[in-house]
Each structure stands twice: as structure tokens, then as C-alpha cells.
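Enquirer: From first to last, the protein sequence lines are chains B and W.
Under this note's numbering, the residue at position 18 of the first sequence is numbered 18, and the numbers go up by one with no gaps.
One rule links them: number in this note's numbering = place in the second sequence (from 1) + 1000.
Honestly, I wouldn't trust all of these hints.
Computed cross-link-like contacts, DSS-like style, restricted to lysine-lysine with a CA-CA straight-line distance of at most 27 Å [to be verified]: (1) K1153/W <-> K50/B; (2) K1138/W <-> K1126/W; (3) K1098/W <-> K1056/W; (4) K1056/W <-> K111/B; (5) K50/B <-> K85/B; (6) K1056/W <-> K1010/W; (7) K112/B <-> K20/B; (8) K1010/W <-> K1126/W; (9) K1138/W <-> K111/B; (10) K50/B <-> K1048/W; (11) K111/B <-> K20/B; (12) K85/B <-> K1142/W; (13) K111/B <-> K1048/W; (14) K1048/W <-> K1153/W; (15) K112/B <-> K1056/W; (16) K20/B <-> K1048/W; (17) K1010/W <-> K112/B; (18) K1153/W <-> K1010/W; (19) K1056/W <-> K1153/W; (20) K85/B <-> K1048/W; (21) K20/B <-> K1098/W; (22) K85/B <-> K112/B; (23) K112/B <-> K1048/W; (24) K111/B <-> K85/B.
The following label-pair restraints were derived from C-beta to C-beta distances [unchecked claim]: (25) M8/B <-> E1135/W: 55 to 63 Å; (26) D1125/W <-> V87/B: 45 to 53 Å; (27) Q25/B <-> D1004/W: 20 to 28 Å.
Since the hints were made in silico from the structure, they are not lab data.
Quick reminder that beta carbons are idealized off the backbone N, C-alpha and C, glycines included.
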Amino acid sequence: MAAPGAGMEALVCARGRNRKAVLCQRCGSRVLQPGAATLARRQLFLPSMKKKTALAESGSPDGDVLQDHWLVDDMFSFENIGFTKDVGNIKFLICADCEIGPIGWHCLDDKKSFYVALDRVSHE
Amino acid sequence: MDEDVLTTLKILIIGESGVGKSSLLLRFTDDTFDPELAATIGVDFKVKTISVDGNKAKLAIWDTAGQERFRTLTPSYYRGAQGVILVYDVTRRETFLKLDNWLNELETYCTRNDIVKMLVGNKIDKENREVDRNEGLKFARKHSMLFIEASAKTCDGVQCAFEELVEKIIQTPGLWESENQNRGVKLSNKEEGYGGPGCGGYCSVL
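Construct all of the structure, not just a fragment, from the sequences and the given hints.
Expert: See the structure below:
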């Protein structure tokens, strides 16, 4: 994704929070209300949403290193979200309604950080 | 958390393997996308927001996702739950007959005795029905449970079921008030007025 610029301004308010509601790209399920999260920049690897992945096994599944995320510190900040079972010390976040994902990332070592990748959701 | 959220609740979904517990939580979509990741790794739990009588409740919903094959779930699974959805498959009588076992387990491990229960007879869109609606209703009445029948194609009915369950929990303030004092959620002026007649605990939703 490009550095923060004109595109990001429409999504992020002056206080660094999400201006728009965050929705599932596939089914429109509401993930976050406007203003519920803050923008965080951190390089995180998320397996591909489209291709079959071999996550359960070892190896290197297809995916993307993504940098721009919506961050919340409480799982009840989400309107609707699903958590996968643990993969090592990671839980991936998926759509609660259609289960597409991963749209985000949570590390069990940091109980107060839940990331949703901007590239994996839509904004309205 | 939002100011207008009344409470957060822990809800369990239990029942025999293959009765469609997980599908109760899915939105029905026409496309053929297979949620590969969810199927490979497995879903642990979901947070869902539901509106009941103008109040928002956030639910943490856990389904057993295969653990029931090991028969006894860990006590921690049951701990602190305020609501439970007990599911059987109307086309497989044995799943209906196992309900007593599930109720026993619930009674053994559940940390509170006023947990709100709902019975769901699933897969009514299939033709080879083995458990008729009245049997389900009768069982639900006997054990003071709410009751609905549902199928993958009646998501609306399932949505109603969740709302009904949450409404019943909210009408039982002892179930949730103490939890929320710890979380600092404002109850505003809503403490009174939950004593209405509402559901007698065994009514049919649909």
C-alpha cells in the first residue's frame, strides 16, 4: 500500500481514528463502528484470503506482508469478528458472518492488541 | 467499548457432532466461496453485536467445534456462561435423544443455575424428518427452554433466536449485572423495567 496520503485521509481522521465503518469485503458484515479503532503501522504477514493455504502444516503459505491496520485494545470493541484457533501464538481474525479471512491478526503475547488490515476490509 | 453497549455475554452452542451448530452463526450466501482458512484452522469463538429493545449487547459465542467428539468438554468452556443454545438435527433422532446427556453436563459444570437455555431443532429444510416439532417443543417446556426450529436457509429465524435468548438474559439481571460492574459499563437508568412478563421460559419463538 502507498504511504499515507490523499487516499488515507478519507479513512483516517485528525486524531488517527477510522472515519468510516469497517465492513467485510465479501458479505458487508460490520466489523468496526466509525471511530472505534486507531491507525497503526506495523508489518504483519497475513496468509492469502483466496488461495488454498497450507497453514495447518509448516511451510510458507501464500500471503502478504501488510503495513496499515486498524488497532483496538479490547475484543469487545468489535461489532462482529471471528477468531481462529491458535496457530502458534497467533489467532487470525475472520469475518464473523461469512468466515472469510484472515482480515486481521492477534498475538496471544499481547492481549491488548487486535489488528485489522485496511487492505482486507472495505470502508463505508 | 461503546457507551451504549448494555452488557457483554458469554453464549455457548452445544449438541452432537454434525447437527449444524457452526452453521447457525453463518450468514447464508449464494456464492460458492469456501472459507478455507476457517475450515483449515478452525474457528475458536466469535464476537457479535445484537440489538434488543434498543439496547446493544455484545456476545462472545463459543461453539464446541468438534470437541464434543471427546464427549466431555473442559469445565472452563462452561465457566461464566449466561446463555446456552442446545442444538439437535430433526433428521437424526439420536441427536435428540442425546439432549439429556448435554443437559446433565451443563448442570455439572455450569457455574450458575439460572443460565438461560434455548433448544434449536435444526435442518428442517431436509425431507427425512425423524423428530416432529411437538416433541421438540415438549422437551423444551419440560426443561424450561426457549424453542425454535431452524435451517441453514432460515437465518432470520436464527437471528430471532439470538435476540430472544439475549432478551431473556437481560430480563434476569442477576445473570449479568455483576459482570458489568467490573467492566465499568454504564447501566444508565435501565435497571428498572426488566421485570415485565416477557417469555415464560418455554415459549415458542417461531
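Enquirer: Now look at each hint and say whether the structure bears it out.
Expert: Against the structure, the hints come out as follows:
1. K1153/W <-> K50/B: holds (25 Å)
2. K1138/W <-> K1126/W: holds (21 Å)
3. K1098/W <-> K1056/W: violated (34 Å)
4. K1056/W <-> K111/B: Holds, at about 24 Å.
5. K50/B <-> K85/B: holds (19 Å)
6. K1056/W <-> K1010/W: Cα-Cα ~14 Å, so holds.
7. K112/B <-> K20/B: holds (22 Å)
8. K1010/W <-> K1126/W: violated (31 Å)
9. K1138/W <-> K111/B: Distance ~44 Å between K1138/W and K111/B Cα, so the pair is violated.
10. K50/B <-> K1048/W: Judged against 27 Å, a Cα distance of about 24 Å means the pair holds.
11. K111/B <-> K20/B: holds (25 Å)
12. K85/B <-> K1142/W: violated (36 Å)
13. K111/B <-> K1048/W: holds (19 Å)
14. K1048/W <-> K1153/W: holds (20 Å)
15. K112/B <-> K1056/W: holds (23 Å)
16. K20/B <-> K1048/W: holds (19 Å)
17. K1010/W <-> K112/B: Status holds; Cα separation ~19 Å.
18. K1153/W <-> K1010/W: holds (25 Å)
19. K1056/W <-> K1153/W: holds (26 Å)
20. K85/B <-> K1048/W: Holds, at about 17 Å.
21. K20/B <-> K1098/W: Judged against 27 Å, a Cα distance of about 47 Å means the pair is violated.
22. K85/B <-> K112/B: Holds - the C-alpha atoms of K112/B and K85/B are around 18 Å apart, at most 27 Å.
23. K112/B <-> K1048/W: Holds, because 19 Å separates the two Cα atoms, which is no more than 27 Å.
24. K111/B <-> K85/B: holds (15 Å)
25. M8/B <-> E1135/W: 55 to 63 Å: holds (58 Å)
26. D1125/W <-> V87/B: 45 to 53 Å: For D1125/W and V87/B the Cβ distance comes to about 34 Å; the hint is violated.
27. Q25/B <-> D1004/W: 20 to 28 Å: Taking Cβ atoms as reference, Q25/B and D1004/W lie about 27 Å apart, which means the hint holds.
Consistency with the previously given hints fails for numbers 3, 8, 9, 12, 21 and 26, ordered from lowest to highest.
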